[in-house]
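*Asks:* For the sequence shown, my numbering gives the first residue as 395, with consecutive numbering after it.
Worth flagging that the hints you see were computed from the coordinates, not collected in a lab.
From a predicted model like this one, the values you see are computed outputs, not experimental measurements.
Among the hints, a few may not be true.
[Unchecked claim] Between beta-carbon pairs, the in silico distance windows are:
hint	residue 1	residue 2	range
1	G838	Q442	24 to 30 Å
2	L564	D618	32 to 38 Å
3	S621	I422	41 to 47 Å
4	S449	S895	23 to 29 Å
5	V757	L564	40 to 46 Å
6	V533	F507	39 to 45 Å
7	P831	T889	19 to 25 Å
8	W978	K636	51 to 57 Å
9	W978	E923	32 to 38 Å
10	T558	S449	27 to 33 Å
Positions of the beta carbon are idealized from the N, C-alpha and C atoms, including for glycine.
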Amino acid sequence: MRGNEENMEKGIIRKNSGDKLQLRIMLILTPLFCCLLTRANSGETLIQTFSRLPSVCGIIDIFLITAVMIIIYAFCNRVGATIIITVMFFYLFTLVNHLLIQFRGIPLIATDFKSVGTAIDVAGSYSPEVDKTGVIEAVAVVIWIVLVVSFKGYKGTGKKGRITVVAAALACVAVFYGLFFVADFTKEYKYSVLGVNPLKSYTRNGHVYSFAVSATSVRVEKPDGYSQNEAARIASLYNSDKKKIGAAVTSKTPNIIVIMNESFSEPAEHGAFKTSKKYMPFYNSLNRNTVKGTLHTSIYGGSTSDSEYEFLTGNTMKYFPVNAVPYYYIEDSIPTLETTLEDQGYGGLEAFHPGKPSSYDRVNVYPRLGFKKYFFKNDVKDPVYVGNFISDKSDYEYVISRYEKYRKTGSKKPYFMFNVTIQNHGEYNRSKKINDPIKIKSDGLEDTKAEIYLSMIRMSDDALKKLIAYFKNVKEPTVVVLYGDHQPHLEEFCTAVYKRSGIKEPALEQEERSYRVPFMIWANYDIEEKSGVNMSMNYFSSYLLDTLDMNMTGYSKFLLSMKDKLPIVSNTCYSDSGGRYFSWGEKSKYTEILEKYRILQYNYAIDNKNCIKNFFELM
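Go ahead and model the full structure; you've got the sequences and the hints to work with.
*Replies:* As structure tokens, this is what we get:
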């Protein structure tokens, strides 16, 4: 009996020893497992993923995961618990990445944590797709955790060992800080390029590594050679016009309705394709008293506030951190298009977005941009919805109601409204109440999401027709401005269209096609008609003021002067008047003027205490 007990005891000891060894092996393999887990969303094969691991970025990727694991172990001092917590931590990271890539085509970036509220608001409108990759990830994690639980772990290290672990954890933190924040490793060795398409960088360099790099770029860097005096010197070359107050506003000064239409774009920008019927017939029919053209945005598939900010301020997102939300850098009142119009006698000065007030913190930011009144989803009574979002039909009806209410006040001032629509917001795979939907008739290009999107654009076009019809009959001179904030996240469809088109052009020009949206300036009175106007979003408000013969700030004059040389300056690239495209990494004869622009923008957006007010405002 005793012999049996001894044998059992020996067996237990041997088993426990075996478990301890197996747990240690799993502990060693966990960083590799987590690395592969985080890279599973890149669309590459397992072989391709493994081939990237021996690179500098791949090694750092694994090091960062190991560092996190050591820090976790320093707190819990249990091998099994450390493995489980580490795996769950990086699975959560992977899951968030997976959802963000699915919804907007961009993975998790450090600046996203400034817009958690917006993310939660938007997430409630989506229905995540369960795909093969997601299932494999979940199964792999469950198997890994079950294996860990099946082994009887040991209690961890003693007091001395734990001191060593804590020291190792602190060393990891020090190495990370020194590598990324002090030594500036990422810039020195050019491993920091997140670009306008962070997913490509994440795929190439690793998701954990790339996220760590993004954390080093939260602050807006001061331009080389920046000083208040240098900004003032540049500004002195462009004098602001004088204010028009009260009686200076004439009966010919027009009302201005600006509409930034969610995801409004022309997919044929990527190449021709056939549809069952036209999807923007009214927009394309507008020629009389209309200026039309193309705006080049800094964003693709999401981040609406970027285009909103570029239009209202004249600044470019290029000089902000990758994927930054510019509204979170506005802590006090700043001069904008709205304040320029106010200084010329405009009233109303209203903003309207049929989404939640918390989205991009608009409820707090709009007054800092100069808007006197601002309205959101809850202000619209009994709206018609398209999917989960208020329709453009209901949106424009509310715009009209606000104009009529303003006129009933008896004010003689021209009315200004800035409207951001929401109907065409992704995703495009949910059930829609669309009568007679548009079908793609080009063989090999059939795409359900694209068809839903085009059908929604047709609905936007119908709503625009009714809006224009209303203001056409308004006796007061009125201008309606319409433009898209970015293209929709329909990368597969647009790529397929482009490949069929037979267009041959450099990669930069090809990529830039995804950042083009249409715009129009329509008036119910005679204005000079133009078409084919081409510029980036940051110039558009200055161009609008110039088109309407309004007074302009020194900053607007600077921007229009730069536009003549560089009509496109966006996060993607820049282009000169001859149509030559430049990547931001290359030097050119335009480097000097771009540096002047950067200095002025820094003075405006970041160095608020030393902001040159009489340059960014009317005198």
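*Asks:* Which of the numbered hints are not met once you compare them with the structure shown?
*Replies:* 3, 4, 6 and 8
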